[in-house]
Amino acid sequence: MESLLLSQYSQSPNLHAYYMAFISEFDFLFESIQQVYEGRLLENAVGEQLDIIGVILGQSRSVILPQFWFGFAGALDVTKMADEATPAEGGMFKSEGVGAGAVTPLDDETYRRLLKAKASLLNSETIDVNTTYHFVSVLLGMIPGTFKLTDLGSRKMELTLANSEVSDTNLSLILYATKYFVPAGVTFTINQV
Numbered sequence: 033m034e035s036l037l038l039s040q041y042s043q044s045p046n047l048h049a050y051y052m053a054f055i056s057e058f059d060f061l062f063e064s065i066q067q068v069y070e071g072r073l074l075e076n077a078v079g080e081q082l083d084i085i086g087v088i089l090g091q092s093r094s095v096i097l098p099q100f101w102f103g104f105a106g107a108l109d110v111t112k113m114a115d116e117a118t119p120a121e122g123g124m125f126k127s128e129g130v131g132a133g134a135v136t137p138l139d140d141e142t143y144r145r146l147l148k149a150k151a152s153l154l155n156s157e158t159i160d161v162n163t164t165y166h167f168v169s170v171l172l173g174m175i176p177g178t179f180k181l182t183d184l185g186s187r188k189m190e191l192t193l194a195n196s197e198v199s200d201t202n203l204s205l206i207l208y209a210t211k212y213f214v215p216a217g218v219t220f221t222i223n224q225v
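Sequential numbering of the sequence shown, starting at 33, is according to our numbering.
Hint data in this document are derived by calculation from the structure and do not stem from the laboratory.
Hints are not guaranteed to be accurate.
[Claimed, not checked] If you anchor each label on the Cβ, the simulated ranges turn out as follows:
#1 84 <-> 190: 35 to 41 Å
#2 157 <-> 47: 55 to 61 Å
#3 174 <-> 48: 34 to 40 Å
#4 59 <-> 194: 44 to 50 Å
#5 169 <-> 57: 21 to 27 Å
#6 92 <-> 157: 24 to 30 Å
#7 159 <-> 194: 20 to 26 Å
#8 211 <-> 169: 16 to 22 Å
[Claimed, not checked] Subject to a maximum C-alpha distance of 25 Å in a straight line, what follows is the list of computed BS3-like cross-link-like pairs (lysine-lysine):
#9 150 <-> 180
#10 211 <-> 180
#11 150 <-> 211
#12 148 <-> 180
#13 148 <-> 211
#14 188 <-> 211
#15 150 <-> 188
Glycine residues also receive a C-beta, built at the ideal position from the N, C-alpha and C atoms.
Whenever a hint applies, use it, and build me the whole structure from the sequences.
So, in structure tokens, the structure goes:
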């Protein structure tokens with residue numbers, strides 16, 4: 033605010049001290065107003081501000097992320113069997129009473145990526161291969177080294193990703209978000225290489 037003083041009064045020490053008593057309070061107010069304004073932008077929003085943007089986009093912070101279970105090659109949403117050396121890498125056995133996924137509240141960064149990806153689709157006239165690549169890369173927050181979308185025919189699509197670059201949480205997030213970019217009736221699988 034001091035920079036807004038008229039140039040002819042900038043050399044007056046008494047007037048300067050008098051104005052600075054008020055201007056220091058205006059600086060605090062100006063800074064608070066700027067934080068509120070910038071907090072309404074998707075790039076800077078946190079916490080409750082992100083939740084409000086999510087309401088505008090129709091996307092809740094708590095999502096049902098698919099879980100990966102132990103299964104056989106070619107089945108959907110499965111992972112390999114663990115061994116003694118890497119027990120955490122294996123899938124769990126799915127029992128009869130278990131649902132399709134777990135309700136997961138997303139942290140601010142992951143939620144922001146999901147909101148950006150959904151907003152990009154809502155702002156797009158069509159959903160084509162390039163739009164899908166963009167959507168998935170925004171959702172992941174990166175472009176994986178191995179990143180290939182293949183139409184397998186018979187209403188089947190496969191996304192091939194590098195195994196070491198994408199976490200299970202991000203894979204679940206992609207599977208959750210398929211409702212936005214995969215047409216109804218199309219089987220969508222993720223292949224990690």
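- Message: Tell me if the beta carbons of residue 59 and residue 194 are separated by a distance inside 44 to 50 Å.
- Response: holds (49 Å)
- Message: Against the 25 Å threshold, does the CA-CA distance of residue 150 and residue 180 hold or violate the hint?
- Response: holds (20 Å)
- Task: Quickly compare the C-alpha distance for residue 150 and residue 188 to 25 Å and report which way the hint goes.
- Result: holds (22 Å)
- Task: For the range 35 to 41 Å, tell me whether the beta carbons of residue 84 and residue 190 fit it or not.
- Result: holds (37 Å)
- Query: For the pair supplied as a hint, residue 148 and residue 211, is the alpha-carbon distance within the 25 Å limit?
  - Reply: Holds, at roughly 15 Å.
- Query: Do the Cβ positions of residue 211 and residue 169 conform to the proposed distance bound of 16 to 22 Å?
  - Reply: Since the Cβ atoms of residue 211 and residue 169 sit about 18 Å apart, the hinted range of 16 to 22 Å holds.
- For the pair residue 174 and residue 48, does the Cβ-Cβ distance stay inside 34 to 40 Å? violated (51 Å)
- Lying within 20 to 26 Å: is that true of the beta-carbon distance residue 159 to residue 194? 24 Å Cβ-Cβ, so the 20 to 26 Å window holds.
- Query: So does residue 157 sit 55 to 61 Å from residue 47, Cβ to Cβ?
  - Reply: holds (58 Å)
- Query: Holds or violated: are the alpha carbons of residue 148 and residue 180 at most 25 Å from each other?
  - Reply: holds (21 Å)
- Item | Hint consistency between residue 188 and residue 211 [alpha-carbon to alpha-carbon, up to 25 Å] | holds (14 Å)
- Item | Supplied distance hint 24 to 30 Å, evaluated on CB atoms of residue 92 and residue 157 | holds (26 Å)
In summary, the numbered hints that this structure violates are 3 and 5.
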